[in-house]
Amino acid sequence: MTMDPENELNHADQLDAVLTAYRRTSTEQDIVGREAAWARLQARLHDPARVPFTDDVPAPPTLEVSRVSSPSATRPVTRSAQRLGWSIAAALLLTVGGVGVWGATPVERTVARGAAAAPIRLPDGSRVWVAAGGALSYDRRLAWPAPLRATRRDVELQGTAFFDVARDGRPFRVRTGDASVEVLGTHFEVRSGTGPFGSRVQVEEGRVVVTAGSARTELIAGQGAMVSANGLTRQPIARQRVATWRAGGLAALDEPIGAVLDELSRRFAVEITADVTVDLLATVSLFYPAAPGVEIVLGDVCTAQGLTFERTSRGYRVKGAVHEP
Amino acid sequence: MSLTSQDDLADLAVRVRSGDEAAFRQLFDALYGPLRRSAVALVRDAAVAEDLVQEAFVRLWDWRTRLEAETPLRAWLFRTVRNLALNLRRDATNRQQLLTDPMALASAAAPRPAPSPDAGVAGDDLAAQVSALVDELPPRQREALLLTRVEGLSHAEVSEVMGCAPRTVNNHLVAALITLRRKLRDVGMMAGALLWWVP
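Taken in order, these protein sequences are the chains called V and G.
Going by numbering that gives the first Met the number 0, the first sequence wraps up at 324, each residue one higher than the last.
Going by numbering that gives the first Met the number 0, the second sequence wraps up at 198, each residue one higher than the last.
No lab work stands behind these hints: they were computed from the structure.
Glycine included, each C-beta is placed from N, C-alpha and C at the ideal position.
Check the hints yourself; a few may be wrong.
As the list claims (entries may be wrong) - Among chain G residues calculated to face chain V with C-beta under 10 Å, some are:
#1 R16
#2 V47
#3 E49
#4 S158
Claimed, not checked - A few chain V positions that, by computed beta-carbon distances, are all more than 12 Å from chain G:
#5 Q41
#6 R43
#7 T150
#8 G212
#9 E217
#10 T243
#11 L280
What the hints assert, rightly or not - Derived DEER-like restraints, expressed as beta-carbon distance ranges:
#12 D44/G <-> A281/V: 53 to 63 Å
#13 L252/V <-> V173/G: 28 to 38 Å
#14 T104/V <-> E135/G: 25 to 35 Å
#15 A281/V <-> G151/G: 18 to 28 Å
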């Protein structure tokens, strides 16, 4: 059945009216149960036995055990009290040792393939956006009380992340498999290398020092560098496009196709394979301010390079152009 | 409910983050109904849905200080409820497969009872009928439609909740509206809808 646009519009209005009515009636029913639900929620939140829902709070070491031993000082020391003292000391030692061992294990945060970028706040106040399919690990002791506090802020990165580093006097270092980026406080993006593509650093604000093997270079705002076979290669970057992926966008400036396909695969959680005829090191430039679909980006990459792609059961296959004999 | 404009929500969000219980209450009042509805649409069990919504608010309260200022709270709550519902469904499916109870499978596969012929006559049943039609939509389409048209979330928020691109949200929505419009015409409810709900 075909309809003229005006009639169609009219129907849309009616539909909205019906849906609004649906909301109105069900809202009235909800209010009755809402009060009870609020009371239930309050009871649960204020239940002293409740364990709050948190993921990895770096709890300060508690040494309250020592308070238990102080009243015993006024009483004559009996054999059992002595034994108690020893057990407390042992418990204390175990607690301190346990906290030490626990503190030395880094906190690992991973972001699933296909997930949206959300900021992770590190205990020192820095914020890190980790792109889909990435992982970040950092020292649990970043913000512990003074004697136990980590003296350096070292984090390890797999995948891509944008850093907004809080200044607190301690150096902040991001390590990837083949490079290390050191800063004091600034905004920058790091992408760890995968396969043949070296790690990449782009600085939005401030100043960073990048080290890769024996090569070392300093980057200021608006500069970027990539790890390559002969050390570090400087790259031009568009400052306003650094880490556009945080808002769902996608930007690549003279990026190897292989790196772009890797990123698409992580972001959309699909498998993207390429035929051997495809030159993965050929570079492309792309920019999408808002979230593009995977097929749109693939289509653009392929058009730019004279390639084609097809769907597979688990994702996509990029194929070289068909050459006439 | 007047507290659903973006500015009000942003203001509430700031106060909730600073531990203001009155603001938390206001947020709860404003979003409890919509969240419960969206949970019911996902799990189809009011009691379970209420538990999920409560869990989402508990998490919000526990997490309030570590949520970033830019986190849109409404989308965050809807997404949390949705994730909890999906986890529940996944666990239930796993359990179901382990038990392989033939009776339960049979009852799950049973067709829904046909609506009684005179149900359409009463205006009070209209919303129920619409909701029955909405229930028959494919899950993603139903979700996109309810979140945008009934709960008033923006496409950007829905894409945040459903974890897909805004363009995809729009596609689901268009498909849902086309189906729904056709069904409503078939049922002959459009005239009734006009009479009852359009001023």
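Structure-based check of all given hints:
1. R16: Constraint on R16/G not satisfied, violated at 12 Å.
2. V47: With Cβ-Cβ at 13 Å, over 10 Å, it is violated.
3. E49: E49/G check passes; min Cβ-Cβ to chain V is 6 Å, inside 10 Å.
4. S158: Holds. Min distance 7 Å.
5. Q41: Non-interface label on Q41/V violated, nearest chain G Cβ at 9 Å vs cutoff 12 Å.
6. R43: violated, 6 Å
7. T150: holds, 24 Å
8. G212: Label holds. Min Cβ-Cβ 36 Å, cutoff 12 Å.
9. E217: Non-interface label on E217/V holds, nearest chain G Cβ at 30 Å vs cutoff 12 Å.
10. T243: Holds, since 14 Å exceeds 12 Å.
11. L280: holds, 29 Å
12. D44/G <-> A281/V: 53 to 63 Å: holds, 54 Å
13. L252/V <-> V173/G: 28 to 38 Å: At 34 Å between Cβs, range holds.
14. T104/V <-> E135/G: 25 to 35 Å: violated, 51 Å
15. A281/V <-> G151/G: 18 to 28 Å: With a Cβ separation near 46 Å, A281/V and G151/G fall outside 18 to 28 Å, so the hint is violated.
Of the numbered hints listed earlier, those contradicted by the structure are 1, 2, 5, 6, 14 and 15.
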